[in-house]
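Participant: Next come the chains, spelled out residue by residue.
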Amino acid sequence: MNVVEASGLGKRYGRTWALRDCTLEIPAGRVSALVGPNGAGKTTLLNMTVGLSAPSAGAVTVLGGRRPGSPAALDGIAFVAQDTPLYKNLRVTDMIAVTRSLNRRFDQRYALGRLDELGIPPKRKSGKLSGGQQAQLALTLALARRPRLLVLDEPVAALDPVARHDFMATVLAAASADGVSVLLSSHVLTELERVARYLVLMSRGQVQLAGGVDDLLAAHGQASLEELALHYLRDATPEVTR
Amino acid sequence: MTARTMPARPGEPDAAPRPLPWRRMAGVTWRQHRLALIGVVVLLAALAVWLWHAGTSVHNAYAAALACHPASSAACGNLVNNFDVSAENHFMGSKGPGGVLLQLLPALIGAFVGAPVLARELETGTFRYAWTQGFGRWRWALAKLALLAVVLAAATAAFGALVSWYYQPYSGVFYQDSPFGNLFILRQVTFPAWTLAVFAIGALAGMLIRRVVPAIVATLAVYAGLAFAAAAFLREHYLTPLATSNMNISLPGASTAWIISQWSTKGGSFAFGGSPPVSLINQYCSTVPPDKIGPLGFAPCLAQHGYTMWTSYQPATRFWPFQWIEGGWLVALSALLIAVTVWLVQRRAA
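The listed protein sequences correspond, in order, to chains A and B. Counted from 1, the first sequence has number 32 at position 32 by the numbering used here; the numbering is strictly sequential. Counted from 1, the second sequence has number 257 at position 257 by the numbering used here; the numbering is strictly sequential.
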């Protein structure tokens, strides 16, 4: 099964195409990474995948043929948006109660246990948590929904190195222990090295390259993800960062 | 931070799928909007205590004057005078500023509760969280708006009933105020209806403008236009006004009718509208004392010369039909605006 299938997918804002002619099959059961510079169309693609926006051209389905935003798709996909939006004036326990109310499935014991492990005080307002804690809270709420697909938009861009490492460890644990498929976008390459098994390179609103990481590295004779990405994106993308 | 790999085990009872009934939004809405709702209830409760206190003194003065026997005695005249003074000079009376201030209530409550519902989600980005949960975005929006609307309507209807109680002595035996003039938009039907309308305008403005403060400002501006249109153009046409040539209908303080317009006829055909033209006054009525001027002042004089003054009016018995007509169209408007807002939430791209 593919968690995301897109054919000829495009999104236009006014007269500008944020994403053009995107045809993709992202396989289930692994961590897949959308890599590209800012403005490459990663967020646009993810927004259409989670049903936040509708395509201007082509089509995208999720979880084996379901329409994004349909009840089954909403049940099966958890999304953590860029900058991990939370209700800043709600306490951590309120965020848990709200997320539990809004979903068919919610593992409260997992959520509470995980926050306890992380040392996040349950009575604190989520806006008063550190950036890393907010990201972990958003991720915990998403995982407690027991999604089949976890979608993360630039999850670590705003985090310090320790928080980045901890965040990706949680993602990896969910992916390996529970078989959650993960689709994440990033312009930070270093954190992906250890986790991504499927890679989609994007720039200027188009998919440049897609495939299993090992296959791509072998086929293109590169030693690392970073070299591969730089090789493909260098011309278009001076701002790809380490 | 050592054991950070606690897995989410499928099959635990905690994680079994449960249905998603609408009532789940009650807790969500309460958690997110409790500050606004508590604020509204506290504000209305404080004003209610004050209004009850003020109303009790006017009611007491009225009851004392009403119970006095014999009514023609000087002592009773003093009590009636006491009531008149108390009713007129009161903060809410015709010489007090209270009524004007209270008229802002539907606008303030509706705008400050309604505009942030969607604007804050869009401004802070939390709509990306809310609209990707299993509940589904149109159900989320409809449930939230409907719940807030019901709570606001209940609170404002209760306050409106108190306003009506307050004004009872003003349309009683001694003091004949038109109920249309005494805070018509703050009664138990119109207060919730106006609050709902402003709330719905706010929700839609928030969805379109996507920022809290501009959405509140826009809501207040739209409300001002709508309230002015209703008061100046719409309300008097809810039912066809009655017409009479009885001049007592338009005596201020002695009639509970709402005067719409006045005109005069002579010999069965229209002569002039409103005040008589100067030429006519100079011709027939130049001796009328200056404190009697206005259409009513000249009417007895002109009547001697064959003129009949007509008054079109809405009788006080139409107060409740007018309440329900105004409440009806406002609630219909609110429902329409909320439907459009929910449709936009479902359709609008992020």
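A few of these clues could be false.
Pairs of lysine to aspartate or glutamate residues, derived as EDC-like cross-links and limited to a Cα-Cα distance of at most 20 Å, are as follows [what the hints assert, rightly or not]:
no. : chain 1 : residue 1 : chain 2 : residue 2
1   : A       : K128      : B       : E88
2   : A       : K128      : A       : E117
3   : A       : K125      : A       : E193
4   : A       : K88       : B       : E123
No lab work stands behind these hints, which were simulated from the structure alone.
Participant: Check the hint pairing K128 (chain A) with E117 (chain A) against an upper bound of 20 Å on the C-alpha distance.
Facilitator: Between K128 (chain A) and E117 (chain A) the Cα gap is close to 18 Å, so the pair holds against 20 Å.
Participant: What's the verdict on K88 (chain A) and E123 (chain B), does the C-alpha distance respect the 20 Å limit or exceed it?
Facilitator: Satisfied, since the Cα-Cα distance of roughly 13 Å is no more than 20 Å.
Participant: Do the alpha carbons of K125 (chain A) and E193 (chain A) lie within 20 Å of each other, as the hint requires?
Facilitator: 34 Å, violated
Participant: Would you check the hint for K128 (chain A) and E88 (chain B), treating anything up to 20 Å between C-alpha atoms as holding?
Facilitator: Violated, at about 53 Å.
The structure does not agree with the numbered hints 1 and 3 stated previously, though it agrees with the rest.
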